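Under this note's numbering, think of the first position of the sequence shown as 53, with each following residue one higher.
The set of hints was computed from the structure by calculation and includes no laboratory data. Any given hint could turn out to be false.
[What the hints assert, rightly or not] The list that follows gives simulated cross-link-like pairs (lysine to aspartate or glutamate, DMTMM-like), each with its CA atoms no further than 20 Å apart:
no.	residue 1	residue 2
1	70	101
2	308	323
3	407	394
4	222	263
5	418	124
6	407	263
7	88	124
8	141	67
9	222	323
10	407	395
11	427	247
12	108	129
13	141	76
14	141	117
15	222	101
Bear in mind the structure is a predicted one, so any value in this text is a computation, not a measurement.
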Amino acid sequence: MTIKIDCNHPDLLNELNKKLSISDKITFIHQVVRQKCSFIHRIGVAVYDARADSLKTFAHSTDGENPLPHYECRLRDARSLYRISLDGKPRLINDLTIFENSPQEHAKRINAHGYRASYTVPMFQDEQLTGFVFFNSRLSGCFHEDSLAYLDMIARLISLLISVELNQVKTLRGALKTAAFLSTHKDPETGAHLERMARFSRLIANEVAADYGLSDELVEAIFWFAPMHDVGKIAIPDNILRKPGALTPNEFEIIKTHTIQGRGIVNTMMENFNLDQSAFVSMIGNIAEYHHENIDGSGYPKGLKGEEIPIEARIVAVADVFDALTSQRPYKHAWPNEQAFDELRRLSGWKLDPKCVEILITNEEKILEIQTLFKDEERRRANANAVPKNARSTDFA
53 MTIKIDCNHP
63 DLLNELNKKL
73 SISDKITFIH
83 QVVRQKCSFI
93 HRIGVAVYDA
103 RADSLKTFAH
113 STDGENPLPH
123 YECRLRDARS
133 LYRISLDGKP
143 RLINDLTIFE
153 NSPQEHAKRI
163 NAHGYRASYT
173 VPMFQDEQLT
183 GFVFFNSRLS
193 GCFHEDSLAY
203 LDMIARLISL
213 LISVELNQVK
223 TLRGALKTAA
233 FLSTHKDPET
243 GAHLERMARF
253 SRLIANEVAA
263 DYGLSDELVE
273 AIFWFAPMHD
283 VGKIAIPDNI
293 LRKPGALTPN
303 EFEIIKTHTI
313 QGRGIVNTMM
323 ENFNLDQSAF
333 VSMIGNIAEY
343 HHENIDGSGY
353 PKGLKGEEIP
363 IEARIVAVAD
373 VFDALTSQRP
383 YKHAWPNEQA
393 FDELRRLSGW
403 KLDPKCVEIL
413 ITNEEKILEI
423 QTLFKDEERR
433 RANANAVPKN
443 ARSTDFA
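Given the sequences, and given the hints that come with them, work out the whole structure.
Written out as structure tokens, the structure is:
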């Protein structure tokens, strides 16, 4: 008996096996979905930051202009989505005109771009909300039971892709913490500092995204990986890194090597964890190596200047300096925000990127929200105090 094996059946999802960004994978999935559900004109993904109750656009595939570029809101302010998160069930709206008078910005934009029906599926990992998948159509009444069952499977596929991405981030950050622990390095920068500076970085990245062609996915990646900026310090001897007094010129030269050491550690980690094919390898390395480059070329390790410095490194530099200024350190009190803003202005144009500085300074309300959410237990904000004479305003090695 001869068994005939047919090898000509096409794998419709084979493209997902390639090295693609999440945005590219969503675009490909959209093409596949349109073969069965031609009325789906947009697939959008938003990720949820539970610690800040923040919902942020992450990836999309849109026929025409994207209605929600770089959009962020509190989940509790998006009442309909908040109810979905509590119920854990999808939401079907076959006539979006019911939201035409909604005060919510995202509802206004969706309506203004002509979308008339939507199907929203929450994403969960380990029973924790991680975000939402949105299927939008410009046709009213287009969603039916047969299409919903299919879209549920697609939403699950997208959810799994996002989970893989988030798990990679957790793996990298977990590996960093372990490496720091095993090296006996006790970083004076608290976990709260890293949470704050990561969110300051996202705030800046969100507003320069259009100028530098940063997708929502890349903005979120800057948020994820900003805390890895000083990973190279785990390779610096403790007697230098934790020295309470002034560093000698030779010791400072050793401290400066943490930038190059940082990129090397990132590359080694990515390879050891089989993540070296990640689209973010270069970005993480740039943050680690170039966050001490100065706009006028006086920084290190390479003396890059202006736009020679990758935008992700310029963003992280501003966020890191600002939080260092406004945090309690062994050698200084916490500076009040206004005083820190004045210092950022002084550093702007020669050390720090002027546009990134201006964006941060003009978002004081969001800064205060972040500082309120992520306080150090021992942090004492000295908003009424003058800066002590021994404060080292530019000592951010």
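Structure-based check of each hint:
no., hint, verdict
1, 70 - 101, "violated (28 Å)"
2, 308 - 323, "violated (24 Å)"
3, 407 - 394, "holds (15 Å)"
4, 222 - 263, "violated (29 Å)"
5, 418 - 124, "holds (12 Å)"
6, 407 - 263, "holds (11 Å)"
7, 88 - 124, "violated (31 Å)"
8, 141 - 67, "violated (29 Å)"
9, 222 - 323, "holds (16 Å)"
10, 407 - 395, "holds (15 Å)"
11, 427 - 247, "holds (10 Å)"
12, 108 - 129, "holds (13 Å)"
13, 141 - 76, "violated (27 Å)"
14, 141 - 117, "violated (29 Å)"
15, 222 - 101, "holds (14 Å)"
Hint violations for this structure: numbers 1, 2, 4, 7, 8, 13, 14, all remaining hints satisfied.
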